[in-house]
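**Student:** For this one, chain A is given, so just place chain B on it according to the hints.
Chains as they are written, first to last, in numbering that gives the first Met the number 0: chain A, 0 to 264; chain B, 0 to 264.
Be a bit skeptical, because a hint or two may be false.
DSS-like mimics (lysine-lysine), calculated; alpha carbons at most 25 Å apart, straight line [unchecked claim]:
hint, chain 1, residue 1, chain 2, residue 2
1, A, Lys114, B, Lys31
2, B, Lys255, A, Lys25
3, B, Lys255, A, Lys56
4, B, Lys99, B, Lys221
5, A, Lys31, B, Lys113
6, A, Lys237, B, Lys253
7, A, Lys237, B, Lys260
8, A, Lys113, B, Lys114
9, B, Lys114, A, Lys25
10, A, Lys31, B, Lys114
11, B, Lys255, A, Lys177
12, B, Lys31, A, Lys255
13, A, Lys260, B, Lys242
14, B, Lys255, A, Lys176
15, A, Lys242, B, Lys260
16, B, Lys25, A, Lys25
17, A, Lys59, B, Lys253
18, A, Lys21, B, Lys31
19, B, Lys255, A, Lys242
20, B, Lys113, A, Lys21
21, A, Lys253, B, Lys237
22, A, Lys21, B, Lys114
23, A, Lys56, B, Lys31
24, A, Lys253, B, Lys260
25, B, Lys255, A, Lys59
26, A, Lys255, B, Lys176
27, A, Lys31, B, Lys21
28, B, Lys113, A, Lys25
29, B, Lys31, A, Lys31
30, B, Lys255, A, Lys237
31, A, Lys113, B, Lys253
32, B, Lys253, A, Lys255
33, B, Lys56, A, Lys255
34, A, Lys260, B, Lys177
35, A, Lys255, B, Lys62
36, A, Lys242, B, Lys253
37, B, Lys21, A, Lys253
38, B, Lys255, A, Lys253
It is worth saying that the hints were derived from the structure and are not from the lab.
Take a look at the letters that make up each chain.
Protein chains: 2
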Amino acid sequence: MSLNENKNHNVPESHPRYSSLKYRHKIIEGMKNLVVAEAGLIAHGRGECFDYIIGEKTTKTAKNAIKAALAVLLTAERPVISVNGNVAALVPNELVVLSKILNIPLEINLFYAKKGRIEAITEVLKNAGATNIKGTNEDAMTELSGLESNRRKVNFIAKADVVMVPLEDGDRTEALKKLNKIVIAIDLNPISRTALWADITIVDNIIRVIPEMIETANKFKKLSTNELNQIINNFDNKLNIQKTLDLIIEHITKQKEEAFKILEG
Amino acid sequence: MSLNENKNHNVPESHPRYSSLKYRHKIIEGMKNLVVAEAGLIAHGRGECFDYIIGEKTTKTAKNAIKAALAVLLTAERPVISVNGNVAALVPNELVVLSKILNIPLEINLFYAKKGRIEAITEVLKNAGATNIKGTNEDAMTELSGLESNRRKVNFIAKADVVMVPLEDGDRTEALKKLNKIVIAIDLNPISRTALWADITIVDNIIRVIPEMIETANKFKKLSTNELNQIINNFDNKLNIQKTLDLIIEHITKQKEEAFKILEG
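For reference, chain A alone in the conformation it holds in the complex (with noise of 0.2 Å):
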């Protein structure tokens, strides 16, 4: 049997690293198609060795996490989803439903501008049945202020009061910040500027945290005001990254003894 690229998703389902294969593959397609850019394959590459080491599961502070950024997205007057290339490839179906579900609009806003990749975005976002796209139309954006990068071309972004931003570039959660919009991050690089900028840092896995979102969002679309402002209240962002970082130390920790033990098979 030879292999190639464009057989990893004929791995089994057995394969130890299935899912990360597949996830692999959707991020190449991705590129293939215009929607992944060339660095995306890249900062991929960077999201499986963090998960890696958070143990490839989402953690007890990543669910508080994601309790609060579902407590700020239900009780925020104009909030909006950022979607870019590798969000689009990873998780699109599951992103329509979360975005439906908390009727928020999906903005595409990319780091990497080349042409058609809007368009390329947009067509897999409308196939996973979004109807609620910004970001579409470079003459309606205006810019923001303090960022150099294509990131700064937005449209609803401009006037949202919350900003939910997966996989994103340190700098615009920085000029977001300075904008005085809440910022709720996907990053599972818990030190990444972003990730301390933010209001909320969700250090975990795009691919889990958008089904635990979704699952989240239908209880908590019950609850009251009140009781979503406690949970808001009660979240701290540092000290919760602080306790994923104590995590990622307990995990290597562990993998210290338990590494090895595959020799002795």
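**Tutor:** Chain B in isolation, oriented as in the chain A frame:
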């Protein structure tokens, strides 16, 4: 200013991430030239993250592993350095210098077979001055037992006593070990299967490792076989990996306090 991925190499040298962005650009260019597989971009990203958690420097434990590796390479009978696409894209010149100092062949060995890749990598190595390149003629290859991937097709590696495998997949290291080869791995993930299976595991970024190896090789060429054997005997790979994990834990613990300082600026 509008950014796009083709301008990454225009990043000013003063940029805090200059080195990281420069090598990211080399990898993306490598993909465009067939040298690097698409999955190689994702692998590079994983490496960036692991490098980040060791502090982006050559640690004391990496230096110990490099010394042991050189002692092994200098006392080996038929050593060889395996070369894949990422290595050829990142450090071709340095690799050729090392192979010449040690008088060791470079053998191209790829996980992802694709028409024209071997030729593209051969050209990169030749342009870097390589004169002793193996693995270029598919007809002359034999197959390693215990390995299903394209990595099984080898040339000089089949008869080598010591194989240095930079940026490796786990299956092959295990197969090489089962054939009683001595394996020297360069892998930023200290608990990858390659890292655990290898006899000597250098947990460090290839862009720092090869220059460090060149320097050490020049020094160690003056040592006697006895002195080199002593260096080998004093090296404990498992212990060295565990100490590397301790360094990672120390680094993350430090980040836990220091990371948030950027918010105070």
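**Student:** Run the distance test for B:Lys25 versus A:Lys25: straight-line Cα separation, threshold 25 Å.
**Tutor:** holds (23 Å)
**Student:** B:Lys31 and A:Lys255: Cα distance at most 25 Å?
**Tutor:** The hint is violated at about 38 Å.
**Student:** Sort out whether B:Lys31 lies within 25 Å of A:Lys114, counting only the CA atoms.
**Tutor:** holds (18 Å)
**Student:** Would the pair B:Lys114 and A:Lys25 pass a check requiring their Cα atoms to be no farther apart than 25 Å?
**Tutor:** holds (23 Å)
**Student:** Given the hint that A:Lys253 pairs with B:Lys237, does the C-alpha gap stay at or below 25 Å?
**Tutor:** Status holds; Cα separation ~15 Å.
**Student:** Is B:Lys255 close enough to A:Lys176, meaning Cα to Cα at most 25 Å?
**Tutor:** Holds: B:Lys255 and A:Lys176 sit about 22 Å apart, inside 25 Å.
**Student:** What's the verdict on A:Lys113 and B:Lys253, does the C-alpha distance respect the 25 Å limit or exceed it?
**Tutor:** violated (39 Å)
**Student:** Regarding the pair B:Lys255 and A:Lys253, is the alpha-carbon distance no greater than 25 Å?
**Tutor:** Roughly 19 Å separates the two Cα atoms, so the pair holds.
**Student:** Need the status of pair A:Lys31, B:Lys113: alpha-carbon distance at most 25 Å?
**Tutor:** Answer holds: A:Lys31 to B:Lys113 is near 16 Å, not above 25 Å.
**Student:** Given the hint that B:Lys113 pairs with A:Lys25, test it: the Cα-Cα distance must not exceed 25 Å.
**Tutor:** holds (20 Å)
**Student:** With the threshold set at 25 Å, check whether the alpha-carbon distance from B:Lys255 to A:Lys242 stays at or below it.
**Tutor:** holds (9 Å)
**Student:** Would the pair B:Lys255 and A:Lys177 pass a check requiring their Cα atoms to be no farther apart than 25 Å?
**Tutor:** Given pair B:Lys255, A:Lys177 holds - Cα atoms ~24 Å apart, limit 25 Å.
This entry does not satisfy hints 2, 8, 12, 23, 24, 31 and 37, going by the numbered hints stated previously.
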